[in-house]
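Enquirer: Sequence:
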Amino acid sequence: MSAALLAVVVFGVLYDALDWLIQRWSDGLGWIGETFGIGMLDYVFMHHAFLVGGLIAVMAPLIGTFLVHRQLALIGDALAHTAFAGVAVGLFVNAAFGTGISPYITAVVVAMIAALAIELISEVTDAYNDVSMAIVLSTGFALGAVLISINTGGLAVGINQYLFGNLATVSRENVIILVVLFVVVTLVVSLTYKQLLYVTFDETAARVAGLRVPWYNRVMSMLTAMVVVGAMQIMGVILVAAMLVVPVAGAAQFARSFREALLASVVLAQIAVLVGITLSYQYEATAGGTIVLVAVAIYIGAVLVGKIQSRQATAEETRSIPDEELAD
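Per this note's numbering, the sequence shown starts with residue 1, numbered consecutively.
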């Protein structure tokens, strides 16, 4: 059996296995909806939306926690706009040549190339990361705009779901793509967690210790690209970066360690996604915008709680100081 044939067979087996698991998930939510009278769980697209949202709520904070501590929060925006160009490439190719390639596949490829470009521009030109991100962001969005403008069909209409996200368009194929991205992202982070942590907090010491810092920077950028494309399904290009930053910022208000911040940000992201998707269904609102507004509300609540805890701790410390010391 040739390597190509073996790869096709393995891909087919994995695809069927993931399809079976997703069907079981859908059956389970359908049973819950029927048993407890939850109307929105009668629809398969809502089953897909909750699965995609739950996976995004793990992936985004997992990568976002590293990015925020490295002061690279804006890289999500840069790669999201580049992923928009990838979607435009896929739609353009399908319209021009009649192919059936998923725009999310081309978005992953283009976004990962852009992630490498950001790192290479910084390394080769000694430019700051924000400069390289601005260049890639502008290039990606310009490419997408050009491809849309020169297409003779209805590409501009089809692009709206990618710009703003849409619960109803999350297909079984897109869910499978996201599950694969989720497995890759979580596996790579698990295997390189200590190295990524070292590079995040002390890049100079990591170099001295013999770590290949540029390589780990590229790994982080490529993982970010995968998360951005995955989250784009329900968040849309315009709002996708929020899931990388807002839950992490909320968790930072009360977390006392990096690991605690990571876990707390995942919990906050899960709450934002579940509540946001439910509200968007009930009020027929845009899913991405609703999720972000809920996440921001949670962030504001976390800030208030953090301030209250800080004042209480200060008051307790003051009360513990003897009166004569206060008098002095």
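No lab work stands behind these hints, which were simulated from the structure alone.
Computed from a prediction, not measured in an experiment: that's the story for all the values here.
Any given hint could turn out to be false.
Here are the simulated distance ranges between beta carbons [stated by the list, open to error]:
no.	residue 1	residue 2	range
1	Ala209	Asp42	18 to 24 Å
2	Ala95	Ile271	19 to 25 Å
3	Val303	Gly100	44 to 50 Å
4	Ala209	Leu263	22 to 28 Å
5	Val93	Val9	36 to 42 Å
6	Ala3	Gly301	52 to 58 Å
Even for Gly, the Cβ is constructed at its ideal location relative to N, Cα and C.
Enquirer: Sort out which numbered hints this structure fails and list those numbers smallest first.
Expert: Of the numbered hints given earlier, those the structure breaks are 1, 2 and 5, listed in rising order.
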